[in-house]
Structure formats: structure tokens, C-alpha cells
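Residue numbers (our numbering), protein chains in the order written: chain A, 162 to 285; chain B, 18 to 244.
Wrong hints could be hidden among the right ones.
Unchecked claim - Cβ-to-Cβ under 10 Å is the rule here; a few derived chain B residues that face chain A:
hint, residue
1, G51
2, K55
3, G83
4, Q188
5, G189
6, V191
7, V192
8, V235
Unchecked claim - The list that follows gives simulated cross-link-like pairs (lysine-lysine, BS3-like), each with its CA atoms no further than 30 Å apart:
hint, chain 1, residue 1, chain 2, residue 2
9, A, K258, B, K55
10, B, K186, A, K258
11, B, K186, A, K279
12, B, K243, B, K156
13, A, K279, B, K55
14, A, K186, B, K243
15, A, K186, B, K186
16, B, K186, B, K85
17, B, K231, B, K156
18, B, K243, A, K279
19, B, K231, A, K186
20, B, K59, A, K258
21, A, K258, B, K85
22, B, K231, A, K279
Stated by the list, open to error - Not close to chain B: a few residues of chain A, all C-beta gaps over 12 Å, as computed:
hint, residue
23, M162
24, G188
25, V191
26, E199
27, L203
28, Q205
29, L208
30, S210
31, D220
32, S222
33, E225
34, L233
35, L236
36, A238
Think of the hints as simulated: they come from the structure by calculation, not from any bench. Quick caveat, the model's predicted, so the values are computed rather than measured. Think of the CB as a built atom: it goes at the ideal place given N, C-alpha and C, for glycine as much as any other residue.
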Amino acid sequence: MPRPKVLVIDDEPDYLRIAARIAAKVGCAVLTAPTAIEGVELAQKVLPSLILLDVGLPDISGFEAARRLRRLPALAAVPIIFFTVRSELDMVSEGLKLGAAGYVLKPFDPDELLRRIKAAVFPA
Amino acid sequence: MKPSAFCLTSDPAVRAFFGSALTGFRLEFYPSAGAFLKTSPKSGLAVIDSALPDMSGRDLVSVLRGEKRTAGLLLVLTGPGQYSPAAAALCFENGADEYFPFPPDARLFRARLVNLLERSGARPRRAGRPEEYRFGALKISPEARTAHVGTRRLKLTALEFDLLLYFLKNQGRVVSRTVLLEQVWRQGEEAGPRAVDKRIEALRAGLGRTFGAKIRTVFGLGYIFKL
Chain A
162 MPRPKVLVID
172 DEPDYLRIAA
182 RIAAKVGCAV
192 LTAPTAIEGV
202 ELAQKVLPSL
212 ILLDVGLPDI
222 SGFEAARRLR
232 RLPALAAVPI
242 IFFTVRSELD
252 MVSEGLKLGA
262 AGYVLKPFDP
272 DELLRRIKAA
282 VFPA
Chain B
18 MKPSAFCLTS
28 DPAVRAFFGS
38 ALTGFRLEFY
48 PSAGAFLKTS
58 PKSGLAVIDS
68 ALPDMSGRDL
78 VSVLRGEKRT
88 AGLLLVLTGP
98 GQYSPAAAAL
108 CFENGADEYF
118 PFPPDARLFR
128 ARLVNLLERS
138 GARPRRAGRP
148 EEYRFGALKI
158 SPEARTAHVG
168 TRRLKLTALE
178 FDLLLYFLKN
188 QGRVVSRTVL
198 LEQVWRQGEE
208 AGPRAVDKRI
218 EALRAGLGRT
228 FGAKIRTVFG
238 LGYIFKL
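Excised from the complex, chain A in its bound form (with noise of 0.2 Å):
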């Protein structure tokens, strides 16, 4: 059986490692994108099980890139979660708003992530 997909957009190269060192822990392929425009166009390729979306990216935001992901037939349920470290009240409130399966705040608990990961992957 293939391994389900995760794509991590986020610019932060650090924040990429973490994410595809623990989304591969948890039995995923992973695939990275350094801004939402590739990020949105990638997932338009691949199709993946789950998209771990910063929010503060170069070229547009990442509830932006939500909007347009969910605006595409074949990605309009396809799991997010935005993991960032925009804390603010009314950034969580959105983004939640836009359906996300997740809001993790940066930086996080490894245990956390991947809990989440295998949650939205692998649903009991």
C-alpha cells in the first residue's frame, strides 16, 4: 500500500525539517514547499493525505492558501493543519474558521505534532 503523502509548506527551513522528520516517523512520504504558490501548486500534483500549512509565508498567507486549496474540487477536504506562531486570538479564531483540522502554535511539542499528523492520516 503507498504511504500517504504530507505536505509541509512552510518557508522556515528548519520548521520543514522538524515536520517531514516527524510526518515520516508516523509512516508518511513527504514533500516540502518554501512558499504557498508552490506549496498550492504541488498539492494540485500530488494530492496529499494532509497539508501542515505555516501562516506567515513570503508570498501569501497561509489562510490565503487554505482559501484557494479549498476552492480546488479534488483538495476542498483534504486535511490542514497551520502550524505558526502567530498566537493572537483573532489569527486562531480564522484559521479554525477556515476548517482546519489543526492549529498548532511554534514552537511545538514533537509529541504533539505527531499525534495530530496521525490523527488526520490515519483516522481511527
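Mind docking chain B on chain A? Use the hints.
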């Protein structure tokens, strides 16, 4: 008037516990952080299951505590698993008013929540960081910017002290060198990944063997501080 509480959980067992332990309360249930935040809560008692489907209870508490308009909320966290003093301390440091490992004793749970509600009217809400962190012999005062192990005052530079505070606020989380440079470094300080490593070494030395060893290197990723 009946006391009331917002109960945040998606777990039927936790929901059933809240229902039976808080008989006589008016309870409103929310299955996720998102559902609760949609109501724009400003005050009242919120009992939060740490394992919410969309956000950790600890992150949610920290977000609600960081915001003036939600400062009137009383926040109670319940966490799964065994009681650990470090886990409990983290919850309080993030701004929780109460913490219970799940399942708590129902009578104790109820009594502490009733007391919390009764006291809250007269008690000024605090915001921001605690006045003091204590971990065994290690004591850190953010306001006074002092750190002690026992009675010995640690000699830390301003940057090392800020690093220590950042680690304390982010215990159990991997922090990369880049994040430390962004969040902690000041202008004029020597920057770059090697400079971070040097300062971490200095901080470890300043903390001494026991507490210095709590800052662990995560190879290729950064550092994690675990007490």
C-alpha cells in the same frame, strides 16, 4: 442562580464525567476550540480537555490568556494520563487557573471549581508571565531578571537570561536556532547559528551541571528544554 461552565471536549467519557461531577451547573458543551471561539467568549468558567481535536488545551489557554478581551475567563485544564508536576506547572505557567489530570476525583473537582468561581469575583485577573518560576532549586524572577540555584545567584548576561526565559515558556518544544535568533536575539549581538550554539553553551555553564543538562541538543533541529 446556577453556576455555569463551558465544557470543551470531544471525548464522550470526558463529557460524561463533566456532566456527573458538575450536577447543578448549567453546562454548555463545545466539541472543539474552533466551536468555542466562534461564540467570542469574554468571561465565565471554561473547563478544557487538553486533547481537543483541533488544538492542544495548553495552546488554547496560552492564546486566551494573551488577549485582553478574554482576560475575564477562568480557565481549567484537564489532561489525560498520569499526574506529572512538570505537566501541571506548564499548564499554570501558560495561564491556567486550575489543572486536573484526568479523571480527577469528582468531589474534589467540583469543590475546587466552586471555590474558583466564588473567589473570582474579588480577585484581580493577572495577565502575562508569572512573577516567578521555580523548579526545585532553580528560581527565576522575570521582573527582577534574576536567576538563582538555591541561594547562589547565577551570573547570566541579558541575552542568556532572555534565552532561559524563552526556554521556560516553551518547555518540551523543539526550538530551532533560527527561531531563537528571531525571537530572542537583540540588535548588535553576534548572530548566526554558531553564535546561538556558543550562547547556549554559556547558558548551560551558567546554570550549572544539573539544570544546564536540561537544555538538550536535538541533532540537526535545535534545542529542547525539559525539566
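Consistency of the hints with the structure:
Residue-level restraint check for B:G51 holds (minimum Cβ-Cβ distance to chain A is 3 Å; threshold 10 Å). With its C-beta approaching chain A no nearer than about 7 Å, B:K55 sits inside the 10 Å limit, and its interface hint holds. Checking B:G83 against chain A by beta carbon gives a least distance of about 6 Å; that is within 10 Å, so the hint holds. The interface hint given for B:Q188 holds, since its Cβ lies 9 Å from the closest Cβ of chain A, which is under the 10 Å cut-off.
Satisfaction of the interface hint for B:G189 is found here, the shortest Cβ-Cβ separation to chain A being roughly 5 Å, below the 10 Å cut-off. With a least beta-carbon distance of about 6 Å to chain A, the hint placing B:V191 at the interface is held under the 10 Å criterion. Residue-level restraint check for B:V192 holds (minimum Cβ-Cβ distance to chain A is 4 Å; threshold 10 Å). Because the closest C-beta pair between B:V235 and chain A is about 8 Å apart, less than 10 Å, the hint holds.
Only pairs whose Cα atoms come within 30 Å are accepted, and A:K258 paired with B:K55 is accepted, the gap being roughly 8 Å. Distance restraint check for B:K186 and A:K258: the Cα-Cα separation of roughly 27 Å lies within the 30 Å cut-off, and the hinted pair is therefore satisfied. Taken as a hint, the B:K186 and A:K279 pair is honoured in the structure, with Cα atoms around 26 Å apart against an allowance of 30 Å. Between B:K243 and B:K156 the CA atoms are separated by roughly 15 Å; this keeps the pair inside 30 Å, and the hint holds.
Distance check on the hinted pair: A:K279 and B:K55 sit about 26 Å apart at the alpha-carbon level, within 30 Å; holds. Taken as a hint, the A:K186 and B:K243 pair is honoured in the structure, with Cα atoms around 21 Å apart against an allowance of 30 Å. A distance of roughly 26 Å separates the Cα atoms of A:K186 and B:K186; the hinted pair therefore holds under the 30 Å criterion. Proximity of B:K186 to B:K85 is assessed by CA-CA distance (about 19 Å); at most 30 Å being required, the pair is judged to hold.
Straight-line distance between C-alpha atoms of B:K231 and B:K156 comes to about 15 Å, which keeps the hinted pair within the 30 Å bound. Restraint check: the Cα-Cα separation between B:K243 and A:K279 comes to about 24 Å, which is no more than 30 Å; the hinted pair holds. For the hint linking B:K231 to A:K186, the alpha-carbon distance of about 24 Å falls within 30 Å, and the restraint holds. A hinted pair counts as satisfied when its Cα atoms are at most 30 Å apart, and B:K59 with A:K258 qualifies at roughly 18 Å.
Between A:K258 and B:K85, the direct Cα distance comes to roughly 21 Å. Compliance with the 30 Å bound is thereby established for this hinted pair. Note on B:K231 and A:K279: the hinted pairing holds, with a Cα-Cα distance of about 28 Å set against a maximum of 30 Å. Every CB of chain B lies more than 12 Å from the CB of A:M162, the least distance being 25 Å, so the non-interface label holds. Every C-beta of chain B lies more than 12 Å from that of A:G188, the closest at about 20 Å, which supports listing it as non-interface.
Residue placement check: A:V191 keeps its beta carbon more than 12 Å from all beta carbons of chain B (closest about 15 Å). No beta-carbon of chain B is positioned within 12 Å of the beta-carbon of A:E199; the least distance is around 20 Å. With a closest Cβ-Cβ approach of about 23 Å to chain B, A:L203 is found to remain outside the 12 Å limit, as its non-interface label requires. At roughly 25 Å, the least C-beta separation between A:Q205 and chain B is larger than 12 Å, which holds for a residue marked as non-interface.
With a cut of 12 Å on Cβ distances, A:L208 stays outside the contact zone with chain B, its closest approach being about 23 Å. Every Cβ of chain B is farther than 12 Å from the Cβ of A:S210; the closest lies at roughly 17 Å, confirming the non-interface assignment. The claim that A:D220 is not at the interface with chain B holds, since no C-beta of that chain comes within 12 Å of its own (minimum 19 Å). Taking the minimum C-beta to C-beta distance to chain B, about 18 Å, the non-interface status of A:S222 holds against the 12 Å cut.
Distance check on A:E225: its Cβ is at least 19 Å (rounded) from any Cβ of chain B, clearing the 12 Å threshold; non-interface status holds. With a least beta-carbon separation of about 22 Å from chain B, A:L233 lies farther than 12 Å from that chain, consistent with its non-interface assignment. A cut-off of 12 Å between C-beta atoms confirms that A:L236 is not in contact with chain B; the least separation is 19 Å. The claim that A:A238 is not at the interface with chain B holds, since no C-beta of that chain comes within 12 Å of its own (minimum 16 Å).
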